[in-house]
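Quick mapping for you: the protein sequence lines, in order, are chains A, B and C.
Be aware that the first sequence starts at 1, since it is given in our numbering, and climbs by one per residue.
Be aware that the second sequence starts at 1, since it is given in our numbering, and climbs by one per residue.
Be aware that the third sequence starts at 1, since it is given in our numbering, and climbs by one per residue.
Simulated from the structure, these hints should not be mistaken for lab results.
We treat Cβ as the ideally placed atom computed from N, Cα and C, and that holds for glycine.
One or more of the hints may lead you astray.
To be verified - To give an idea of the chain C side of the interface with chain B (calculated C-beta under 10 Å), a few residues:
1) LEU111
2) ALA185
3) GLU186
4) GLN187
5) PRO188
6) GLY190
7) TRP214
As the list claims (entries may be wrong) - Facing chain B, from chain A, some residues (calculated, C-beta under 10 Å):
8) ASP190
9) GLU199
10) VAL204
11) TYR249
12) GLY253
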Amino acid sequence: MSEQATVAAPRVKPVETFRGDFTYSNSPEAIRRFPFPFHRDDYMYSVNIEPHDGTPPGSAYAPAFDIDEHYLSEMAERRTVLEEDPKRCQVLPYMMEAQWDTLELMMTSLAADYPEHFSLTRDGDTWTWENRLLDIRDTFTFKDADTLPLEPFEYITRQVQGDFTLHGQRNDMLYMDGGMVTCQADWSLDFDLGMNFYEWHGPVPRAHEMGVFERALKYLLTLKVGSPVRRLNWTMTVNPRMDTSPENYDKWGIDRATITPDNVGELAHLRVELQSLWRLPRSNAILFSIRCYLISMEELATVPKWARRFHRVLRDLPEDLADYKGFIGFRPTVLDYLARHDDGAATSPGGAPD
Amino acid sequence: MGIKSKPEYRELEFDGNATRHVLLAAGPGGDALLRVLDQAARLGRDADAARGPLDVLYLPSAEADLSMRLRSHALGVDAVVAPDRRGLESALRRVLTKAVMGTRLYVAGNEAFVWACVNVAREAGIDDDEVQRERCGSLARPVQCVHCKTTDPAVTTNIYVCPGCGLHVFVRDHFSRRLGVYQSVCVDAEAPGEVPAIEEVYP
Amino acid sequence: MSAVDSIPVRVAAIETVSPFIKTFTLEPTDGGPLPAFSGGSHVVVTMQGRDKNHRNPYSLMSSPYERRFYQISVRREDDGRGGSKFLHGNVRVGDQLFVSPPANLFALNELGRRHILIAGGIGITPFLSQLYELRAQDSDYALHYAYRRADDTAFLDRLAAEHGERAHFYESSQGHYLDPGRILAEQPLGTHVYVCGPEGLIDTVVTRARRLGWPASHIHAEEFAAPPSGRPFTVVLDKSGDELEVGPDDTVLDVLEDNGYAPDCSCRGGVCGECETAVITGEIEHHDDYLSEEVKREHSRMMICVSRAASERVVLDL
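All chains should be modelled from the sequences, with the hints used to inform the complete structure.
What follows is the structure, encoded as structure tokens:
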């Protein structure tokens with residue numbers, strides 16, 4: 001895993017914005033490594049879980065926790081969201097062991113994957129953590145929360161891209177027992193906190209009937225230490241907006257009405273979540289990492305295979321799923337745009353660019 | 001099939017496996033308690049010892065007041081009639097400080113009442129599988145606005161104006177047991193001013 | 001556990017605890033720290049015998065905060081399939097074994113306000129690691145430990161010294177018997193009971209708790225059923241076409257592993273669900289606690305770590 005595969009130090013851009021003037025964009029290199037989620041021209045909801053094992057080398061999937069050119073922007077966005085709404089980070093009181101597990105996993109993984117940016121020095125329980133990207137250097141006592149400026153989970157997840165949730169396992173069930181959730185696809189941590197696995201997935205259509213969640217739960221209950229797994233999920237977002245929370249839906253919902261044939265390439269974004277799941281050793285809890293990537297239709301169309309395939313997937317997606325994912329209103333405009341990039345040619349298997 | 005987080009309710013039923021019973025109701029929920037008391041009484045005198053202690057806590061409401069019938073029930077339980085919900089909740093806390101493993105909680109009333117009681121019990125260490133819940137009386141829902149977090153304890157319509165932020169919000173089936181509320185979300189965010197017809201769906 | 005998941009360890013010490021029980025201290029061969037774990041976890045130990053490999057699950061009894069070594073205690077089962085006899089008779093200090101990463105099917109409930117641990121005989125082992133956690137977290141707990149003779153266990157002095165009045169001992173040869181009814185009566189709300197030991201003890205505790213009105217969510221039992229012996233049969237692997245013979249004391253899982261397959265598995269006791277396998281044809285003699293009665297009646301799936309074929313041949317979707 002991360003011990004073996006050192007990933008090249010990413011070039012990190014200065015801060016761009018995910019709100020207001022929306023200066024966020026992807027460099028050509030970031031586009032090439034975008035985790036395009038469709039391996040075929042059709043799509044259906046499924047468990048689609050695979051080992052998160054450091055492969056393929058050089059891809060966004062390889063690091064334990066992917067750090068990319070948007071690091072500073074996403075950490076700045078997280079600080080802004082937390083200032084407005086501190087309840088985006090909450091952990092139930094009995095999860096302290098899981099908080100330390102998370103901190104240890106993230107610090108050791110980042111230091112191994114990105115030695116130029118992060119380092120961890122351990123002398124017994126005295127640990128020194130250095131994050132050169134954010135100019136942080138702290139010495140603290142492992143398992144003594146008073147020696148850190150914040151609780152361990154909040155401390156470390158303010159330094160890692162992606163949303164994170166913590167799940168206690170009791171009586172063959174997983175519970176939503178904590179999280180850092182600032183770039184979510186329309187769900188509320190504050191509301192879902194404490195729910196069991198079936199309850200927090202309650203609003204997802206079709207999947208319950210298909211037994212998807214029963215199978216996924218059975219699988220996750222036996223997740224092993226040292227053998228993390230991953231899956232991809234996706235939706236569409238208007239503007240490169242990270243914080244599409246229900247809390248702020250009254251502010252961003254209007255964006256969906258702003259899509260026109262002229263601006264669709266720039267405004268409509270494919271939003272992909274690279275989700276990885278980790279068994280935490282001392283707490284026996286599960287850490288769920290939800291790493292969000294955004295790519296505009298214009299940027300997507302620079303990869304001909306992706307434009308062709310996404311056109312076909314979006315066109316054939318059932319109405320209820322398009323409705324649940326929140327883009328049923330502007331789907332036709334996106335389809336018109338993508339149709340211009342779909343010449344009907346066959347696409348190669350797998351998600352990677354040709 | 002509805003949303004999985006939406007709670008299910010069923011008729012209360014005396015649980016012969018329990019060794020202590022705490023019965024709680026508001027308003028018309030008193031009928032459900034009378035039914036449980038009847039079931040306990042049918043077990044007969046011999047069962048008294050095995051059945052263990054039984055507490056009845058009741059909150060009369062404008063909808064119904066069954067205090068007299070509960071107090072005069074043949075089982076002869078000394079029912080506590082509380083003046084308001086706060087009084088009932090503190091009576092429940094008192095009863096639970098003496099309770100031990102083997103206790104069953106039976107709760108009947110509207111959803112706001114049921115979940116307020118469940119949460120008091122949870123603080124005392126009682127789990128979901130130690131509680132029976134029956135919904136009685138009004139279908140009004142306790143709802144929390146996801147935007148400003150203001151809770152309205154009794155919403156009877158599909159859409160209402162949030163007293164906290166003034167937005168028109170739609171009541172979803174998504175329910176949080178921890179907070180004891182349904183979730184409501186802005187209904188006209190994508191087309192401001194276009195509010196669908198407001199109907200009374202939870203009378 | 002597949003071969004790539006296993007961690008090479010060196011036997012650093014063997015302590016004879018009683019005529020039947022030995023404690024093994026296992027250190028990582030590569031010197032690096034072993035994976036951290038939670039109280040109640042087990043590992044599967046792989047031993048390379050002359051004729052066949054033995055793979056047995058054992059609870060970790062060392063401190064979850066200790067990563068330089070693991071400790072397991074092994075009771076010699078003369079009627080077993082040979083793993084415990086091999087550990088007792090053939091394994092020496094300095095030998096190499098393999099362990100899987102720890103997995104936990106018997107964790108303490110972190111919401112519990114009080115924890116009652118009931119152990120019978122060698123069933124004490126998962127509690128030994130949990131007791132470290134309970135003490136470190138300053139939890140409210142009690143240990144009730146039943147055994148035949150004090151000579152059979154070396155843990156008594158240590159438990160008495162470390163846990164004082166929280167530890168209660170019952171030596172049946174001296175006429176002291178553990179009474180679950182008394183232990184479980186009048187316990188405060190939020191108490192959880194955990195039991196590990198012989199089937200009879202587990203049944204008594206679970207039945208008594210239910211009769212006292214305890215809800216299922218507060219009753220926890222761990223029982224590693226040793227896979228039973230039975231008639232030999234042939235297992236046919238549909239995908240590869242391989243035909244393998246399963247002897248009276250073998251399990252399907254063992255035979256597959258000995259032939260180079262690495263099916264998913266963890267507990268090797270029919271409880272965790274990892275090795276669930278689709279059955280194409282054949283009748284199954286189920287020994288697991290995992291599959292539903294309905295599935296068992298259909299003979300459509302089997303847990304290959306403990307269950308056997310009732311027919312002479314069984315075709316599996318492997």
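Do the numbers back the hint for ALA185 of chain C, that is, is its least Cβ distance to chain B under 10 Å?
-> It holds, given that the least Cβ distance between ALA185 of chain C and chain B is near 8 Å, below 10 Å.
Interface restraint verdict for GLU199 of chain A against chain B (beta-carbon cut-off 10 Å) = Because about 4 Å separates GLU199 of chain A from the closest Cβ in chain B, which is inside the 10 Å limit, the hint holds.
Holds or violated: is there a CB of chain B closer than 10 Å to the CB of GLN187 of chain C?
-> 4 Å, holds
Can we keep the GLY253 of chain A interface hint, with Cβ of chain B closer than 10 Å?
-> 3 Å, holds
Do the numbers back the hint for TRP214 of chain C, that is, is its least Cβ distance to chain B under 10 Å?
-> 5 Å, holds
Should the hint that GLU186 of chain C touches chain B count as held when the rule is a Cβ pair under 10 Å?
-> 5 Å, holds
Proposed interface contact between PRO188 of chain C and chain B, which counts if any beta carbon pair is under 10 Å | Holds. Min distance 6 Å.
Minimum Cβ distance from GLY190 of chain C to chain B below 10 Å?
-> At about 3 Å, which falls below the 10 Å cut-off, the nearest Cβ of chain B leaves the hint on GLY190 of chain C intact, so it holds.
Can TYR249 of chain A be said to touch chain B, with a Cβ gap under 10 Å?
-> 5 Å, holds
Can we keep the VAL204 of chain A interface hint, with Cβ of chain B closer than 10 Å?
-> 9 Å, holds
May I ask you to test the interface hint for ASP190 of chain A with respect to chain B, counting a Cβ-Cβ separation under 10 Å as satisfied?
-> 8 Å, holds
Cut-off 10 Å, beta-carbon criterion: hint that LEU111 of chain C touches chain B = This hint holds: LEU111 of chain C lies near chain B, its Cβ roughly 8 Å from the closest one there, short of 10 Å.
Hint compliance for this structure: every hint is met.
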